[in-house]
Amino acid sequence: MNFIVIGCGRVGADLAFRLFKNGHQVVVVDQAQEAFSRLDPDFRGRTTEGDLLSLGALQRSGIETADGVAVVTNSDTVNAVIGHAIRTHFPQVRQVVVRNYDPAMREMQEAFGLQLVSSTAWGAERLQELLIDPSFRAVFSAGNGEVELYELLIDSLWEGRPLKDLMSACGEAGVVVALTRAGRAELPSAAQVFRNGDILTVGASLEGIQALRTRLQSGPEA
Amino acid sequence: MFVFIAGGGRTGAQLASQLISQSYEVRLVEHRRELLARLHQELPTEVIFEGVATDPKVLREAGLERANVVVACTAEDPSNLVICYLARTLFQVNRTIARVNNPRDAWLFDDKFCVDEKITQADVMAHLIQEEMSMGDMMTLLKLRRGRYSLVEEKVPPGAKAIGISLKELGLPDSCVIAAIIRRGQIILPRGNATLEEFDEVLAITDAEGASRLAELLAPPVYPERPRKPKA
Numbered sequence: 748m749n750f751i752v753i754g755c756g757r758v759g760a761d762l763a764f765r766l767f768k769n770g771h772q773v774v775v776v777d778q779a780q781e782a783f784s785r786l787d788p789d790f791r792g793r794t795t796e797g798d799l800l801s802l803g804a805l806q807r808s809g810i811e812t813a814d815g816v817a818v819v820t821n822s823d824t825v826n827a828v829i830g831h832a833i834r835t836h837f838p839q840v841r842q843v844v845v846r847n848y849d850p851a852m853r854e855m856q857e858a859f860g861l862q863l864v865s866s867t868a869w870g871a872e873r874l875q876e877l878l879i880d881p882s883f884r885a886v887f888s889a890g891n892g893e894v895e896l897y898e899l900l901i902d903s904l905w906e907g908r909p910l911k912d913l914m915s916a917c918g919e920a921g922v923v924v925a926l927t928r929a930g931r932a933e934l935p936s937a938a939q940v941f942r943n944g945d946i947l948t949v950g951a952s953l954e955g956i957q958a959l960r961t962r963l964q965s966g967p968e969a
Numbered sequence: 023m024f025v026f027i028a029g030g031g032r033t034g035a036q037l038a039s040q041l042i043s044q045s046y047e048v049r050l051v052e053h054r055r056e057l058l059a060r061l062h063q064e065l066p067t068e069v070i071f072e073g074v075a076t077d078p079k080v081l082r083e084a085g086l087e088r089a090n091v092v093v094a095c096t097a098e099d100p101s102n103l104v105i106c107y108l109a110r111t112l113f114q115v116n117r118t119i120a121r122v123n124n125p126r127d128a129w130l131f132d133d134k135f136c137v138d139e140k141i142t143q144a145d146v147m148a149h150l151i152q153e154e155m156s157m158g159d160m161m162t163l164l165k166l167r168r169g170r171y172s173l174v175e176e177k178v179p180p181g182a183k184a185i186g187i188s189l190k191e192l193g194l195p196d197s198c199v200i201a202a203i204i205r206r207g208q209i210i211l212p213r214g215n216a217t218l219e220e221f222d223e224v225l226a227i228t229d230a231e232g233a234s235r236l237a238e239l240l241a242p243p244v245y246p247e248r249p250r251k252p253k254a
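These protein sequence lines are chains F and A, in that order.
All the letters of the first sequence, read from the start, carry residue numbers 748 to 969 under the working numbering.
All the letters of the second sequence, read from the start, carry residue numbers 23 to 254 under the working numbering.
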């Protein structure tokens with residue numbers, strides 16, 4: 748597929764190289780020629796130097812035939828403007844993803860309805876989880892880590908108890924995604940009874956998973 | 023009327039003080055420390071709001087919701103675009119005006135970013151200079167309907183072609199109407215048979231074509247003598 752990476756900082760250079768290694772056509776755009784020195788020496792995509800907001804630079808990068816564009820400069824305002832301009836002027840581009848740099852600028856970027864990736868917020872969220880409890884092993888992060896999927900191991904403490912007794916601990920801060928028993932997953936009902944060794948996959952916020960952990964360890968209420 | 027100005031550079035500050043002197047309610051948002059010190063000397067404290075104007079929280083706290091007009095005149099084109107877009111989509115502001123710093127960015131300033139009116143500094147200057155060159159002493163008092171028509175004023179110099187000819191015979195195009203003549207301090211509302219005298223001041227509502235025809239009729243017959251610069 749054809750991808751354009753706008754902004755060749757650390758994120759842009761790394762992303763461009765990953766896409767290239769996976770066999771895609773990649774064009775990297777930056778306003779400073781020296782930024783391209785961040786690219787891996789084995790990168791064989793195209794680079795284009797130009798004023799990022801100019802129509803000419805976008806056209807030179809092949810925007811008309813691009814499948815997806817990542818806008819990853821270190822200015823949140825520039826990212827939002829380029830993202831919105833591409834979505835409105837070049838609606839045939841299937842996917843536009845924009846980087847969020849300063850979490851304080853999230854609300855502004857969200858107002859444009861853009862797909863955002865915030866490495867700062869996501870990284871901070873993961874660091875916080877690991878500091879609070881290293882056993883919180885998230886298997887998947889949604890959005891920028893606001894909601895994650897966790898695997899919980901059910902032990903003998905919960906043998907014979909219904910699922911709803913555990914899930915009531917987190918209220919609306921978590922939902923059950925699957926119950927895996929002997930390698931087979933199913934969508935359990937609230938009345939489903941646990942067996943020792945079950946693995947419960949839940950989607951939860953950080954508060955939600957903390958509440959579930961506490962209940963899981965203290966055991967069902969008598 | 024409440025006018026919300028984003029950006030306290032020279033343009034924003036000048037606009038704010040002009041509007042205040044015409045008793046508009048004004049709020050100006052700026053975050054750069056070095057500018058804020060100067061702004062506080064030039065403008066009343068309650069007019070200035072310190073914060074980043076591309077942040078919806080700042081806009082909310084600064085009262086953008088109540089604004090009738092937002093003027094985005096920061097030195098950054100992306101910021102001006104974002105401010106107009108947020109003003110319309112989050113705060114339902116009726117009218118947005120944005121400054122274009124770099125003419126190369128001008129293509130972005132349209133309804134896609136909710137910009138009602140864009141002002142390109144370089145364009146405006148070039149336009150004004152061109153007008154000045156072609157129109158002699160004609161002065162534009164007011165632009166009407168987004169600039170297609172203007173209210174202009176010009177003094178009739180001695181020896182101008184138009185002197186002594188009735189207005190209806192001046193051959194002015196339909197797009198040019200002489201609205202008033204100021205003669206010795208009195209306003210005359212002219213009819214078609216009125217004639218111009220030297221030193222009259224003529225007020226006309228006209229488009230560009232009418233203005234150039236009028237300028238021709240009111241031009242002095244030959245180049246007037248001008249004081250020349252002494253040669254060095």
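The set of hints was computed from the structure by calculation and includes no laboratory data.
We put the beta carbon where it would ideally sit given N, CA and C, even for glycine.
Don't take each hint at face value.
What the hints assert, rightly or not - Distance condition first, Cα-Cα at most 25 Å in a straight line; then the derived SDA-like pairs of lysine to any residue:
1. K79/A to R793/F
2. K79/A to E893/F
3. K79/A to G756/F
4. K165/A to G181/A
5. K134/A to E872/F
6. K134/A to E893/F
What the hints assert, rightly or not - In silico negatives: residues of chain F with every beta carbon more than 10 Å from chain A:
7. A832
8. M855
9. S952
Hints, one by one, checked against the model:
1. K79/A to R793/F: Violated: K79/A and R793/F sit about 40 Å apart, past 25 Å.
2. K79/A to E893/F: Measuring from Cα to Cα gives roughly 21 Å; hence the hint holds.
3. K79/A to G756/F: violated (28 Å)
4. K165/A to G181/A: violated (29 Å)
5. K134/A to E872/F: Measuring from Cα to Cα gives roughly 34 Å; hence the hint is violated.
6. K134/A to E893/F: It is violated: about 30 Å lies between the C-alpha atoms, which goes past 25 Å.
7. A832: violated (6 Å)
8. M855: violated (6 Å)
9. S952: holds (22 Å)
The structure shown violates the earlier hints numbered 1, 3, 4, 5, 6, 7 and 8.
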